[in-house]
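Put together the whole structure using the sequences plus the hints.
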Amino acid sequence: MKENDKASGGIARPHMTRIDPKTVVTLLILLVLAVVCVFLDLSWVSEDLSYTFSEVWAALMGDGTWSSNIIVREFNAPRVVAGLFVGAGLAIAGTAMQAVFRNPLASPYILGLSSGASLGAAIGMLFTIPLIPSVVATPVLAFITCFATMMLVYTMSRVGGAVRTESLILSGVAVSSLLSALVSFLTFIAGDQLEGIVFWSMGNLGNADWNEIAFMAPIIVACILLLITQARPLNAMMIGDSHAMDLGVDVRRTRLFVLILSTMIVAAAVSFVGVIGFIGLVIPHILRILLGPDNTRIMPLSAVAGACFILICDYLSHVIAPYYGTLPIGVVTSLIGAPLFIYLLLRRKKEVGWN
Amino acid sequence: MTLEVRSLKYTYGKYLVLDGVDLPIVDGEVIGILGPNGCGKTTLLKNLNKNLEPTGGCVMLDGESMADLSKKEIAREVAVVPQTNEIRFAFTVRDIVAMGRMPFQGMMGAPSGEDERIVDEAIRRTGLSKHVDRHINTMSGGERQRVIIARAIAQTPKYLLMDEPTLHLDISMQFDALNLVHKLSRETGLTVVIVSHDLGMVARYCDRIVMIHDHKVHCVGTPEEVLTPENMRTVFNVDAELVFDEKIGKNTVMLHDSLNEY
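Protein chains in written order, with our numbering: chain P, 1 to 355; chain V, 1 to 262.
Any given hint might turn out to be false.
[Claimed, not checked] Result set (EDC-like, lysine to aspartate or glutamate): computed pairs, CA atoms no more than 16 Å apart in a straight line:
1) K71(V) with D241(P)
2) K9(V) with D22(V)
3) K158(V) with E224(V)
4) K158(V) with D27(V)
5) K158(V) with D62(V)
6) K72(V) with D250(P)
7) K216(V) with D19(V)
8) K183(V) with D198(V)
9) K22(P) with D19(V)
10) K158(V) with D22(V)
11) K158(V) with E53(V)
12) K71(V) with D250(P)
13) K216(V) with D22(V)
14) K72(V) with E74(P)
15) K130(V) with E114(V)
[To be verified] Coverage of chain P stretches by chain V, computed from C-beta distances (three or more under 8 Å per stretch; other residues unrestricted):
16) 229-236
17) 243-249
Think of the hints as simulated: they come from the structure by calculation, not from any bench.
No residue lacks a Cβ here, since even glycine has one placed at the ideal position from N, Cα and C.
So this is what it looks like as structure tokens:
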């Protein structure tokens, strides 16, 4: 009894749930990293020229040279700003989906949501709908096809109320292949209309202009904030849907709400910068290794980390093969993310004795 | 404070699981719901906190039908210790126990000092003080159940529902778990509803027993009234008798043999 009392005295000190120093330190590091990434990605000019950070700062303030003002503010800035929103959104969407599906392998790209959104977006770009500007029609159509994909994959992978990893990923791959084929078909019959389709299907942050960013950013920011409010219910759902219900969570409503928000983020991102995969897989995974699974910490941090990651990948896409031009950013994120995905699958195989 | 079940019916599709069950639960008691596997005990338990919603009849909490209460309102009064199961993510013991405060928290904001104090107390009561930072996915079934019991205590409930608390546990762990909640009930007036098919454990720990047979209540009463050789023969198909163990001063069930004929 005495021992117990002593031990409880030990844990009465502010603990975990208050302010976790590790989380604060990680957040600070990520914020500094984000600033560095922004400058780094703003500084790229051409294969043999980058501005220094002070030149970037001067250009941002309008005190640069004639050319640095134009390159930094008109060429690079929209790309960087689009990247910040898309990276933050995709990372947090992945975190939320992994909690909902109780599965560390779930993410927008692997479940075929990106392909789903790209079908709608392609339709929106190909066919003009009277009275509705394409900047609105494209993301709305992308959302519809993306959500339909989500429901289809979810329904397909449910076996007697439980979602198994194998069936979830197989359903994602199957549906994704079909959708990609449809997008390729549309591209083929469209000829020149879907300009830069290769870039678009493998992602290109430079696709977005300020108008599009002004439309996309508020949607993504609102979805991110609303997703963060669901962090606690999502924690309970990671233990199990039944546990969550016992703790007073309206599981069906929470799941639907979170999936709609994630879908909106993916639809907005895909409509304006194309398909950029694996961010929603890589970022939450790394953060969980560092900080544990608590969504109240992981979700806000994954937004910041996702923004950093996409800007680093964007910078790499310019410098990896400079004399061949700029790589599509989706190639870079996949080169980093796919090996991690393979590693996670292999580790799982060891755990459950797959044959 | 009342929890009352009135002519509860529940069907899964066409399959009738509960056919008009009445349960008057007396506050502060440890009540056992006893029946063989597949008789609808777990379904009954899940109806007691709106985890499932009845097909007919109703469950009343403090005079209000649960149909009119939100899950969150119910979770402030009714906590559940489900059958032990796997948890894949590396939450710490404290993370899990702290989830017991969710029904009292808004969507955002840090837990209050009161929340922290209640969580610490639940951890102390369940003897988990040394394990607060351990990861739940590395713990044994018995330890995981202890953590879930701590979470339920942190919910500061009036009613604690336990689903097969002795299943999958080592024998000593079975006693530990039930000793813990029995003591809690006597000390704090917590009402405990235990669903089980374990005759001996129910005889030993429960003040009253409800025996379920053929999707209906077969009989209700004290262990002496309910655990008669006739009832145990009809419901469980065993030759058994209730005996009073002088050494521990508690009831236990002597199981003689199965009555199945092949």
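Results for each hint:
1. A hinted pair counts as satisfied when its Cα atoms are at most 16 Å apart, and K71(V) with D241(P) qualifies at roughly 13 Å.
2. Note on K9(V) and D22(V): the hinted pairing holds, with a Cα-Cα distance of about 10 Å set against a maximum of 16 Å.
3. With a C-alpha separation of about 27 Å, the suggested pairing of K158(V) with E224(V) is violated against the 16 Å cut-off.
4. Restraint check for K158(V) and D27(V): satisfied, since their Cα atoms lie roughly 8 Å apart, inside the 16 Å limit.
5. Proximity of K158(V) to D62(V) is assessed by CA-CA distance (about 11 Å); at most 16 Å being required, the pair is judged to hold.
6. For the hint linking K72(V) to D250(P), the alpha-carbon distance of about 8 Å falls within 16 Å, and the restraint holds.
7. Note on K216(V) and D19(V): the hinted pairing holds, with a Cα-Cα distance of about 6 Å set against a maximum of 16 Å.
8. With a C-alpha separation of about 20 Å, the suggested pair K183(V) and D198(V) falls outside the 16 Å cut-off, and the hint is violated.
9. For the suggested pair K22(P) and D19(V), the alpha carbons sit about 54 Å apart, so the restraint of at most 16 Å is broken.
10. The straight-line distance between the Cα atoms of K158(V) and D22(V) is roughly 20 Å, outside the 16 Å bound, and the hint therefore fails.
11. Only pairs whose Cα atoms come within 16 Å are accepted, and K158(V) paired with E53(V) is rejected, the gap being roughly 20 Å.
12. Distance hint between K71(V) and D250(P) is fulfilled; the C-alpha atoms sit about 7 Å from each other, no more than 16 Å.
13. Restraint check: the Cα-Cα separation between K216(V) and D22(V) comes to about 9 Å, which is no more than 16 Å; the hinted pair holds.
14. A threshold of 16 Å between alpha carbons decides the hint, and for K72(V) with E74(P) the separation of about 51 Å lies outside it, so the pair is violated.
15. Restraint check for K130(V) and E114(V): the C-alpha separation of about 21 Å exceeds 16 Å, so the hint is violated.
16. For the segment 229-236 of chain P, the assignment as covered by chain V holds, since 6 residues bring a beta-carbon within under 8 Å of that chain's beta-carbons and 3 suffice.
17. With a cut-off of 8 Å between beta carbons, the segment 243-249 of chain P has 6 residues touching chain V; three or more are needed, and the interface restraint holds.
Checked against the numbered hints above, the structure violates hints 3, 8, 9, 10, 11, 14, 15; every other hint is satisfied.
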